[in-house]
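There are 2 protein chains.
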Amino acid sequence: MTSLAPVTGLDRGHPRHPLQAESLRERVDTTLQEFLLLRSAALAEVAPECVQIVDRITSMTSAGKRLRPAFLYWGWRGAGGENSQAAVNAAAALELFQAAALIHDDLIDASDLRRGMPAVHKQFEALHSQQSWQGDEAAFGLAGAVLTGDLCLVWTEELFSASGLSAEQLGRARPMFDRMRTELLGGQYLDVLSQVAPQADPLALVDRALRVIKFKSAKYSVEHPLLIGASAAGADDKLLAVYSEFGLATGEAFQLRDDVLGVFGDPATTGKPAGDDLREGKRTVLIGRTLQHSTPAQAETVHRLLGNPDLDQDGVQTLREIIVATGADTEIEKMIGAAIDRAEAALAGADLAEGPAREVLTGLLVAATDRVQ
Amino acid sequence: MTSLAPVTGLDRGHPRHPLQAESLRERVDTTLQEFLLLRSAALAEVAPECVQIVDRITSMTSAGKRLRPAFLYWGWRGAGGENSQAAVNAAAALELFQAAALIHDDLIDASDLRRGMPAVHKQFEALHSQQSWQGDEAAFGLAGAVLTGDLCLVWTEELFSASGLSAEQLGRARPMFDRMRTELLGGQYLDVLSQVAPQADPLALVDRALRVIKFKSAKYSVEHPLLIGASAAGADDKLLAVYSEFGLATGEAFQLRDDVLGVFGDPATTGKPAGDDLREGKRTVLIGRTLQHSTPAQAETVHRLLGNPDLDQDGVQTLREIIVATGADTEIEKMIGAAIDRAEAALAGADLAEGPAREVLTGLLVAATDRVQ
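Which chain is which? The protein sequence lines are D and H, in order. Position one of the first sequence corresponds to residue 1 (full-length UniProt numbering), numbered consecutively onward. Position one of the second sequence corresponds to residue 1 (full-length UniProt numbering), numbered consecutively onward.
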């Protein structure tokens, strides 16, 4: 399956597929750089110091897999949309929204690292400390991260509205663009609730975890981007339904893979300390299934260790062994496999426009759910 | 001057001006209620618990003077825009943006009260405590406030885009709508910087305070709303320039009045503890002028007491006495008077459309800068 990776249009440095004149990733990068340069000038009119904010946004948006822009853009192309800068602009807007979500999410979770770099609130704390400013550095970190995320939210809209898509195309895409943002934020709140008020019953825990996956990942990362692109291009209801099925299945597989990597992933590729999800106490489907099949002694150990911020490598190893012993990891791999099958079947039945869309969407499915990320 | 108050269209319960069939305030209230009801249903699809967020937004948007919507709406009417629900919708969107700004601002400033009620992060803390949820209640308060403010930002755009203004009207208004949001957030960051890195030189302090006023208040609260409404209505450059002059002067007077009330205001009408701005250590123009005219002993006292979160009533009184002794309060009153004169002169020269706009804008100037608020 990895032989498909080069056609995702995501990877810089990989050999390009002959059908793509320029990689989408580079076009999104350029679009974001140019947009942020203009915004930086607008902020500098308020005061030169405000440019500190844009530096942090650049650090957030310069990395990332560009999955969401790719789904938007190829959803558009598959529905007959032309290869246009307007579609790339609309796709790039999703990266600004993602930056906002990550900046605020890291603040909420008190996560200090993002892709191996200090999270934005930590960057502002460091600035406060370097400059020997007055007051509490954590309070300044919070202020900086809140306002930086807010600007990303505002600029998401600005880039989308000024993308160059026609008023008619924007009008068709906007309901889904709006829905995406409301549902992601609702999903994030539900995720927070699931940490402070975890279900005692493993089945209820799995049920809520699947709901968080649906709204915070499957819809947000795959289904909604596809549907925004497709709606803008004027796709019919049949194609929208197929995209929806493909998107939800791909997104479910993507998040389940992410949950597995959050426990078993290699810090060198995830950019996060090993077992970070265990330390954060995330109530994932993987944890729900583990608890469902645990002996009372195993369950007691899971409840005792999960969410302990000081969990050391031995603790992580203990939890990993219980997860494997209960067979929960094998079960999640089966769920991932089944979701990938559903996604492939949906795509096989899709009536897509001529061009590389089918091949690229298949490649994106692989890239989003690959064991090595 | 207070005889003009009933024509602002802001006051519920006041006798209505005969030219207005329905008060703008009531129309904005109804618009927000209906919009939030629909958004509440959308969030409930994620999970019923998410409706907790909308309850907090309702508590924020049900109060307030509706100044910004009034400036947008009457800027539109003065430029020849018709009495339409579309303009009211666009005006109401500003209240959602203001709610986002206040929710995040209270979190950043760790302000516990807003209009005499618990701030949104405190409301979420109380919910956490009532429900005896796990983890730290302050962390949950932060999460709730960040996500609630984010939803307000996203919904601002949603209500504005779906206002019913035509694509052409929206296209003309959007650059100013975008500028308003970027500059307000930049102004807020500058305000944060001015707390952590205050200028030692009183003149530089006044200079930065005036810059914060310009971007965080004058442009945001008055000039930009007026220009958004006027641009949507297709105003010519001449009227836009007059609105700009009127708006900046009115906004400056409005914020200077707010600064005076933050030190000398009656808690019963401001909804905040007496002298709250002193406890927060706000570097206002009032404080800058005080330091400029202080004796070394007075300046030492100001530096020692300003920004002390535990400042008691005696400390507030000491600072008030120094402000009065230096003549800074009289100087600010003169600045307010001069700004009101500039605003009145600008309006007198404005070529406005037939109708009540001139009278209402004059009333808004009075309402925004009145000594009793």
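Errors might be hidden in some of the hints.
Below, simulated DMTMM-like cross-link-like pairs (lysine to aspartate or glutamate); rule was C-alpha separation at most 25 Å, straight line [as the list claims (entries may be wrong)]:
1) Lys-238/H to Asp-136/D
2) Lys-214/H to Glu-49/D
3) Lys-214/D to Glu-359/H
4) Lys-272/H to Asp-136/D
5) Lys-272/H to Glu-45/H
Using C-beta positions, here's what the derived DEER-type ranges look like [as the list claims (entries may be wrong)]:
6) Glu-354/H to Ala-110/D: 54 to 64 Å
7) Gln-131/D to Glu-331/H: 56 to 66 Å
8) Pro-273/H to Gly-135/D: 40 to 50 Å
9) Gln-131/D to His-293/H: 28 to 38 Å
10) Asp-201/D to Glu-82/H: 32 to 42 Å
11) Glu-333/D to Gln-134/H: 37 to 47 Å
12) Thr-269/D to His-303/H: 44 to 54 Å
Computed footprint of chain H on chain D, listed as stretches where at least three residues anywhere in the stretch have a Cβ under 8 Å from a Cβ of chain H [as the list claims (entries may be wrong)]:
13) 48-59
14) 131-138
15) 184-190
Calculated from the structure, these hints are not laboratory results. We treat Cβ as the ideally placed atom computed from N, Cα and C, and that holds for glycine.
- chain H covers the segment 48-59 of chain D, three or more CB atoms within 8 Å, holds or violated: Three-residue rule met by the segment 48-59 of chain D, so holds; n is 4.
- Item | C-beta pair Gln-131/D, His-293/H: status relative to the range 28 to 38 Å that was hinted | holds, 30 Å
- Query: Within 44 to 54 Å or not, the Cβ separation of Thr-269/D and His-303/H?
  - Reply: Distance hint for Thr-269/D, His-303/H holds at roughly 52 Å.
- Does Lys-272/H pair with Glu-45/H here, judged by a C-alpha cut-off of 25 Å? It is violated: about 37 Å lies between the C-alpha atoms, which goes past 25 Å.
- Task: Go check the segment 184-190 of chain D versus chain H for me, would you? Three or more residues, Cβ under 8 Å, otherwise it fails.
- Result: n = 6 at 8 Å, threshold three: holds.
- Message: Tell me whether the statement that chain H covers the segment 131-138 of chain D is true, taking a Cβ distance below 8 Å and needing three residues at minimum.
- Response: That given contact holds, which follows from 4 residues of the segment 131-138 of chain D lying within Cβ reach (below 8 Å) of chain H.
- Task: Just tell me: holds or violated, for the beta carbon distance of Pro-273/H and Gly-135/D against 40 to 50 Å?
- Result: For Gly-135/D against Pro-273/H, whose Cβ atoms are near 20 Å apart, the range 40 to 50 Å is violated.
- Item | Range hint compliance [Cβ, Glu-333/D to Gln-134/H, 37 to 47 Å] | Once the Cβ atoms are compared, 30 Å apart, the range 37 to 47 Å for Gln-134/H and Glu-333/D is violated.
- Pair hint Lys-272/H and Asp-136/D, alpha-carbon separation not exceeding 25 Å: Measuring from Cα to Cα gives roughly 23 Å; hence the hint holds.
- Could you see if the CB distance from Asp-201/D to Glu-82/H stays within 32 to 42 Å? violated, 58 Å
- Message: Please verify whether Lys-238/H and Asp-136/D have alpha carbons no more than 25 Å apart.
- Response: Outside the cut-off at roughly 47 Å; violated.
- Message: Would the hint linking Lys-214/D and Glu-359/H be met if the CA-CA limit is 25 Å?
- Response: violated, 53 Å
Against the hints set out earlier in the document, violations occur for numbers 1, 3, 5, 7, 8, 10, 11.
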